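Construct all of the structure, not just a fragment, from the sequences and the given hints.
From first to last, the protein sequence lines are chains W and V.
Using this note's numbering, read the first sequence as starting at 1 and increasing by one per residue.
Using this note's numbering, read the second sequence as starting at 116 and increasing by one per residue.
Because the hints were derived from the structure by calculation, they are not lab data.
Remember, it's a predicted structure, so these values are computed and weren't measured experimentally.
Careful, some of the hints might be misleading.
Stated by the list, open to error - Estimated spans, in silico, between C-beta atoms of each pair:
1) L228(V) / Q110(W): 24 to 32 Å
2) S30(W) / T146(V): 20 to 28 Å
3) G98(W) / A187(V): 18 to 26 Å
4) E17(W) / S204(V): 35 to 43 Å
5) Q175(V) / S30(W): 26 to 34 Å
6) Q69(W) / C128(V): 21 to 29 Å
7) R224(V) / L84(W): 18 to 26 Å
8) K135(V) / T3(W): 28 to 36 Å
9) E10(W) / L189(V): 38 to 46 Å
10) T97(W) / E137(V): 23 to 31 Å
11) L189(V) / S42(W): 22 to 30 Å
12) K78(W) / C128(V): 42 to 50 Å
13) A16(W) / T197(V): 47 to 55 Å
14) Q8(W) / T216(V): 20 to 28 Å
For each residue, glycine too, the CB sits at the ideal point set by N, CA and C.
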Amino acid sequence: AQTVTQSQPEMSVQEAETVTLSCTYDTSESDYYLFWYKQPPSRQMILVIRQEAYKQQNATENRFSVNFQKAAKSFSLKISDSQLGDAAMYFCAYILTGGGNKLTFGTGTQLKVEL
Amino acid sequence: GAVVSQHPSWVICKSGTSVKIECRSLDFQATTMFWYRQFPKQSLMLMATSNEGSKATYEQGVEKDKFLINHASLTLSTLTVTSAHPEDSSFYICSGSRQETQYFGPGTRLLVL
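Below you can see the structure in the form of structure tokens.
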């Protein structure tokens, strides 16, 4: 069974600084996708970034980028120039390629952004 | 693109009554939709996978007779909590799947008195 581990229950960052959230996963499959979702206080789950396992190039979305290390099964999220609106719970997630498969979530990291 | 709506966003009901929650994919067709439950400060717990035109697949421990799921079209799935009890009070979230990615609705807060 696939598992996703987020070892940082809480993280803090100063506004305008950079923070990295960690995620590791365990799978015996080679074809899958990885995601970071953000859940602000409104509790709406928002897709932050997506990475296909077959792509070596790390995904980037504006201030958000990932460090995908397939051999190490590591998928960290870097947030640059942190803003107050980045404060949220961040979930790392994994899905096996094939359509209709289940997302496996990590336990989440609560990110606080301080002035 | 890839917007999912849920209705209602808030519902309060009396114990013993049934409540229906709708999940719609607004700008894409979702062959597969998913229903989750989330307790405070916890991750999402998958309840069931809903496929258009077929019966839902429930996760272990989820009562299918209590949580009725219908996926009548490629853009609509419904979750009906039957004979609701206070322990069913929770935050329910649906998602629609498109190109291996799940897009989530804003969630429904259910309070059973």
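How the hints compare with the structure:
| no. | hint | verdict |
| --- | --- | --- |
| 1 | L228(V) / Q110(W): 24 to 32 Å | 30 Å, holds |
| 2 | S30(W) / T146(V): 20 to 28 Å | 24 Å, holds |
| 3 | G98(W) / A187(V): 18 to 26 Å | 24 Å, holds |
| 4 | E17(W) / S204(V): 35 to 43 Å | 39 Å, holds |
| 5 | Q175(V) / S30(W): 26 to 34 Å | 27 Å, holds |
| 6 | Q69(W) / C128(V): 21 to 29 Å | 48 Å, violated |
| 7 | R224(V) / L84(W): 18 to 26 Å | 25 Å, holds |
| 8 | K135(V) / T3(W): 28 to 36 Å | 34 Å, holds |
| 9 | E10(W) / L189(V): 38 to 46 Å | 40 Å, holds |
| 10 | T97(W) / E137(V): 23 to 31 Å | 29 Å, holds |
| 11 | L189(V) / S42(W): 22 to 30 Å | 27 Å, holds |
| 12 | K78(W) / C128(V): 42 to 50 Å | 44 Å, holds |
| 13 | A16(W) / T197(V): 47 to 55 Å | 51 Å, holds |
| 14 | Q8(W) / T216(V): 20 to 28 Å | 24 Å, holds |
Going through the hint list in order, the structure does not satisfy hint 6, though it satisfies all others.
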